[in-house]
Structure formats: C-alpha cells, structure tokens
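Given chain A's structure and the hints, the job is docking chain B onto it.
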Amino acid sequence: MLELRNVWIKYGKTVAVRKLNLTVNKGDFVTILGANGAGKSSTLNAISGLVKFKDLRGEIDYKGEKISGLKPGAIAARGLIQIPEGRKLFPLMTVRENLEMGAYLRKDRKQIAASMEKVMELFPLLREKLSAKARELSGGQQQMVAIGRGLMAEPELLMLDEPSFGLSPLLRQQLAEKIKEVSSEGETIILVEQNARLGLMLAKYG
Amino acid sequence: MPPAGIWIDGLVQSCIYMTMAFGMVLVFSILGILNWTHGQFYMLGGFVVYYAVTAAGIPFPLSLLISGAVVGGLGMLVEKVVIERLTSPGYGILSVTAATNALIFFFEGAAGMGFGLMNKGMATVLPGVLDMGSFGVSYQKIAVIVFTLIIMVAMYIVLNLTKVGKAIRATSQEPDAASLYGVSVKWVRVIIMGIGCALAAMAGGVIGIVQSVNPFMGRIPMIMSLLAVVIGGLGSLTGAIVGGIMLGLLNSVIAYSISYYSEVALFMLVIILLLIRPQGLFGAAPK
Numbered sequence: 001m002l003e004l005r006n007v008w009i010k011y012g013k014t015v016a017v018r019k020l021n022l023t024v025n026k027g028d029f030v031t032i033l034g035a036n037g038a039g040k041s042s043t044l045n046a047i048s049g050l051v052k053f054k055d056l057r058g059e060i061d062y063k064g065e066k067i068s069g070l071k072p073g074a075i076a077a078r079g080l081i082q083i084p085e086g087r088k089l090f091p092l093m094t095v096r097e098n099l100e101m102g103a104y105l106r107k108d109r110k111q112i113a114a115s116m117e118k119v120m121e122l123f124p125l126l127r128e129k130l131s132a133k134a135r136e137l138s139g140g141q142q143q144m145v146a147i148g149r150g151l152m153a154e155p156e157l158l159m160l161d162e163p164s165f166g167l168s169p170l171l172r173q174q175l176a177e178k179i180k181e182v183s184s185e186g187e188t189i190i191l192v193e194q195n196a197r198l199g200l201m202l203a204k205y206g
Numbered sequence: 207m208p209p210a211g212i213w214i215d216g217l218v219q220s221c222i223y224m225t226m227a228f229g230m231v232l233v234f235s236i237l238g239i240l241n242w243t244h245g246q247f248y249m250l251g252g253f254v255v256y257y258a259v260t261a262a263g264i265p266f267p268l269s270l271l272i273s274g275a276v277v278g279g280l281g282m283l284v285e286k287v288v289i290e291r292l293t294s295p296g297y298g299i300l301s302v303t304a305a306t307n308a309l310i311f312f313f314e315g316a317a318g319m320g321f322g323l324m325n326k327g328m329a330t331v332l333p334g335v336l337d338m339g340s341f342g343v344s345y346q347k348i349a350v351i352v353f354t355l356i357i358m359v360a361m362y363i364v365l366n367l368t369k370v371g372k373a374i375r376a377t378s379q380e381p382d383a384a385s386l387y388g389v390s391v392k393w394v395r396v397i398i399m400g401i402g403c404a405l406a407a408m409a410g411g412v413i414g415i416v417q418s419v420n421p422f423m424g425r426i427p428m429i430m431s432l433l434a435v436v437i438g439g440l441g442s443l444t445g446a447i448v449g450g451i452m453l454g455l456l457n458s459v460i461a462y463s464i465s466y467y468s469e470v471a472l473f474m475l476v477i478i479l480l481l482i483r484p485q486g487l488f489g490a491a492p493k
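Protein chains in written order, with the working numbering: chain A, 1 to 206; chain B, 207 to 493.
Keep in mind that the hints were calculated from the coordinates and are not lab data.
Among these hints, one or two may not hold up.
If you anchor each label on the Cβ, the simulated ranges turn out as follows [as the list claims (entries may be wrong)]:
#, chain 1, residue 1, chain 2, residue 2, range
1, B, M358, A, G27, 46 to 54 Å
2, B, Y297, A, N36, 25 to 33 Å
3, A, N21, B, Q485, 42 to 50 Å
Heads up, simulated DSS-like pairs for lysine-lysine below, C-alpha to C-alpha not over 25 Å straight-line [claimed, not checked]:
#, chain 1, residue 1, chain 2, residue 2
4, B, K392, A, K88
5, A, K107, B, K347
6, B, K369, A, K110
7, A, K54, B, K392
Here the structure is a predicted model, which is why all the values come from computation and not from measurement.
Don't be surprised by glycine CBs; every beta carbon is placed ideally from N, CA and C.
In isolation and in its complexed conformation, chain B is listed as follows:
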C-alpha cells in the first residue's frame, strides 16, 4: 500500500484533471467538438495567476478569478471568431479539429515570446504543513484541493440553480426545443466556451501554487483530461469528475509502485477499460 503522501499527491493531480475534464465535457456537450486548445487555456491561466500574484501583488484567490475571467473571455473570442464559423453547416469536423490544433502552437509560441521559455515558480503562497500524525500535508496541497472543491460547487450552483445554467443544460439536451422557448443557442455556445476555458485557466492557476509554469505545461494535463473524459464517458459531467479522480490517483499510485513503467501501465489500463466498456463508465451505451 503506497504511503498517504502518494495518495494526497494523486488527489492534487485529480483536482486538476477533474476541473479540466469538466470544462472539456461542457464544451463538448454544447458545441459538439473537442477543444484541442484546452491545455493552452490551462497554461495561460497559470501565467495570468503567476503575474497577477508576483508582478501585481494581487491576492491568490482574486488572481484565480481574474485568470478565469481573462482566459474565459479569450475562449469566448475563439468561439466567436474561429469555432462558430468552422462548425457551421458545410464544414467537416476536420476543419475545426485542425484549427484548434493550430491554436495549440499559436498560444504556446505567443506565450514563449511573451513570457519566456523558462519555468516560473511563485514564492510559497501558503507556507506550513498540516501534521496528520504519521505524515504531513503541505497547506499548498490542501489549498489546491479546497479551491477545486469551491470551483466545482460554484459550477454546480451555476448549472442547476441559475437561469443561464438551466438554459445551458436545456441546450445540451434538446437544442431545438431550447431555441423554441427563447434560448439563443449561439449565445449559449459562446458562454459555455467561456466557462469551459475559465475552468481550464483556473485549474492552471491553482496548480501554480505547487508547480512552476511554462508555455508547454498544458500538454500532459490536456491528454490526461481527455483520457478522463473518455473513461468517464464522453458527454457525462459525472463521468468527467470520476474519470479525473481515478486518473490522478492511479497515475500517482502506479508511478510510486513501478516508476518508469507507470505511463505504459496507466495507458494499458485505460485501453483495457475501454475495451470492456467502450462508452466509458457513465456514457450512454452505443445504439
């Protein structure tokens, strides 16, 4: 049995994958596309928080909100300028896939030019360790978990208790019926892209507490959250959460147990799971 610290590290990763996967599923459920640039919105969120905290001296929680607003706004712009056009009738899925892939390199290149290629780490935001008897957990890691919980609770409230949230859910379930009752599907698409990208950005911002940021930091979390989405079942928000938690914990525990081979084992496990249950854990069975 791996020591408790390994599980905690896994949980910290789970938080990131879960938040990102949640945003990815939201975008998929309304726009019907995978946003391949999701990892770069995560990276940009990391940089916004880094500069807000270190250069502007803004408190961390507020910096996190700012990263959500700034990067969410950028995501809305991308939807309006690029995705809306490329998902209109007449364009195949390849056009938008190519465009969002191109944006990966655009944003990474732009971040490299603007912020430099080196790792940037914040000074400790929350010093100290919580003593749990046989092991200790740094307050930083606890902060990642707490902020993630707050973000997920906020998402629950937005989606279930607000008018916008209900319009989003209605549009994801029956877009035509939603528009018949006055929901502007175009507007919902823009909003959902904003929320999805804001979630990625805040995940990137939160991880900035325990890891350094660089222009390429979005690649692995993107792949991991994509796997989380596929394991959970494409289109299922519960699946995104469970998939994210599973993947974070498995990654950490397997890495502890067999170090270098961990990724081989992890991806093998994912493939076996998908062979047994192609629709993912919470996805609808194929018709």
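One chain only, chain A, in its complex shape:
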C-alpha cells in the first residue's frame, strides 16, 4: 500500500534520514523505534508532504501512485493522516472544533456525525469536554483529542508520532489499549516511538 524507496532527507548539510526503504501493507501495524533525532518524525513528515521537496530524495508511492512532491492537503485527501508529535492541537479552539478540523476535507455531514460518535465511544471522557478549549485539557486528554482528530479524517493509513510523549505510565498503558482498539478494527498504522516497550508491545513488526 505504502512504499518508501531509497529515501533520503537532508536539511542543508544535515542528513536526517539515509537510504530508507519501507513497505507497509493494508492492515499492518508498523512501529519505527529510535532515539531522539534519529529521523523518525522526518520520515512521517516526508510521507505527509511536510518535508520540502528540495530536501527529499527517493520515492514515496501510495497505492502505486507517486505522492512525494504532493502538497500535505493532497496527501491527506488520499487518506494518509498524521497525528503529529507534540499533538499540535489548535489550542484556542474547542475540543469539538479540533475534532471537526480533522474532518475538514469531508463533506458528508451524516458520516462526519457518525465519526464524531465513534470517537466519543472510543474516548467517552471527551464527551463532556467538547466545549472546553484544547489548551485547558490535561496531557492525556489532549492526546485523546489528537487521536480523535486523526480518526475524524477517516484515514486509510494512520501515522502516530510519539503519542506517549509526556504521559504518565498509567496513561501510556491506557493509550496503548486505545491504539490497539483502533488497530483491531483493521486500521493500517505506522507508530513512531522512543518508548520501545510501548512500541513493540503494539506492533506486528518493527
């Protein structure tokens, strides 16, 4: 489904990713482990189109179509959705608005409402927080919104960048279970983690 061939990412003289080959098939759960600065986030950003074209070498194909060089919006429209590092919620917008932004490219109102309901079922705690601003939430709640926002896009491939970052061990455990739940529904997932235990516990291969 997704194929990275001989991908290099270079910011000026700094090489962030060297000669990466990666294949992800439908329904896979792939974990990319590595220390800080190993190029994990850069890899996801390259897939999402956030890495500038001049900094990128190699090929990224999705369902046989070359996607390297496309704009982030065009890549999102193909169903490749990233939940970025540090959550990157819209802090001054409400939880509901954050979730709605996940469905920005969708037009089917009924289906969007159904997705919203699904997110509420996955994270029941968010239901009473819908009117709260994202910045008022705790770290764990923010991560729920970030994942919920990603799911609102109805992704074909979900990329999670260090979702456990800054969370307590208990919250990490709960988060892992939620990610497992999403994965068990057949979602294709790439997970980037520094936390090897969490990453390997979830992955089919890494």
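Showing chain B alone in chain A's frame:
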C-alpha cells in the same frame, strides 16, 4: 469631565482604529508580517465609496460592500504577487517590510494621479441629529458606529461559524497541523490578506460619511491602529478591539483637555503602558 459629544467623537475614531487594527492583526497572525500598506487600503476604500456614492449613485451600504470586495481583491493580488514571494524562505523580514513600505508611496501616488490631491467630501448621507436631551448626536456618527458593529459581528460569524473561518483560526494557531488535515495554508494566506484589506477599506469607507477623503488620509489611522495593535498585544484580536477603543477615546478626550499637547501626552501614555506591560494588554508574556 469632557462633554458627551467629545466621547462620541472618540467613539467614532475608536470604530475606525478598531476595524483597522482587527484587519492588521488577522494578517499578522497568518502571514507573520505587519502590512505597512494597511493605511493605503483604508484610503482606497474611502475613494471607492466616495465615487460609488457620488458618481454612480450606489446606496452607501452597498458602496461599502463594493469597497470591501474591490480593495480586498487588490490585497489578495498584493499577497500573491509581492508578499508570498518575499516571505518565502531565504528572504529576511526586511524585504517584505521594504516592499510594503514602497507600496505606501505607490498607492498614494497612483491615487493622487487618478483622483487628484484635493479633499473630496460626500454630500450628507444621513441628515439629522438625534436629540439626547443635553446634547445631540448626528445620524452620520451613529451610522459609523452601527456599520462598524455590523462589520465586527460579521467578522465574528465568519471566523467562528464558517468552515473558512475555522481553517483560518486553525492555521493561525498550528499551521502544520492545519495543513496535515487538508487546509491549504497558501490559500488561507491569500484569503486573510483579502479580509484584512477589506476591513481597512470598509473603515476608510465608513469614515467617508463624516470626513473628506484624500490620497494621504491613511497615514495617521495606520499609525494609530498599529499602536492599538501593540497596546492590545500583537496577535490578539480582542486586544486589537480594546486597543482601538482605548486609543480613539483617549485621543479625543486628551485633545479636548490639553489641545496641542495631546499627541505628546497620548504617545507618552502608550510608552508608559508598554514599559509596564511590554506584551500589551492581551498579548502572551514573552518566554
């Protein structure tokens, strides 16, 4: 205590500064630049309304909308042709600052050539005075306040209740995340420049009811709205509104009290306020 008429005059000025400052902050929050040509979009808005009303006989409210559309479109063109390129990586902030400053003289010169250098005043759009007992307020001034309120309510609706508005707010808060979910940041930049310039134009159009228009009318409102933005806190829309209201009222009241020294006193007050609170009233504290 200054008489009520002075407060009303202050409020009329507040309306202009507030609308302009709001547009300026919108542009700053997305493009990350101060648009130094903001005052000239205000001036062009004034001329569009003047000619729409006097030459074409178009009703004032419709003329105001036309000025927003025409000048907003011009602002979008400026973003696409000049600002987008000069804010791309590799260019320093000075390039775009110089370019938007150059545009001040370009638009003033062009307006001078096209419309003449003399003051142009509309015939009274709304004659009559509202009797408030001890003082009267002209319907013209009330119209400025009412139109400004309508513009601000419309902005509230656009920013909070429409999809475009949400995309704009999301982009101003987290541009990368917004683009990950399909928002075209380039397009949002163009739209926001259009809205910002349309706000400046409508402020210039509204003031045309009570003041005459000329090619240089944008300079002082530009400085005042810049001060309003800085007082309110760069990047804060609430700050732009409060800063604009404060500055308009203060300007009018101080001018009444100490006439010639009013500007010295006003700017001194602004500097004292910034020394006490450098981030402005509603800005985030520096990290």
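Right, here's what the structure says about each hint:
1. For M358(B) paired with G27(A), a C-beta distance near 51 Å keeps the hint of 46 to 54 Å intact.
2. With their beta carbons about 31 Å apart, Y297(B) and N36(A) fall inside the hinted range of 25 to 33 Å.
3. The hint said 42 to 50 Å for the Cβ distance between N21(A) and Q485(B), and at roughly 49 Å that hint holds.
4. For the given pair, K392(B) sits about 19 Å from K88(A) by alpha-carbon distance, which is consistent with the 25 Å threshold.
5. Of the supplied pair hints, the one linking K107(A) and K347(B) is violated, its CA atoms being roughly 44 Å apart against a limit of 25 Å.
6. Distance hint between K369(B) and K110(A) is fulfilled; the C-alpha atoms sit about 16 Å from each other, no more than 25 Å.
7. Distance hint between K54(A) and K392(B) is fulfilled; the C-alpha atoms sit about 18 Å from each other, no more than 25 Å.
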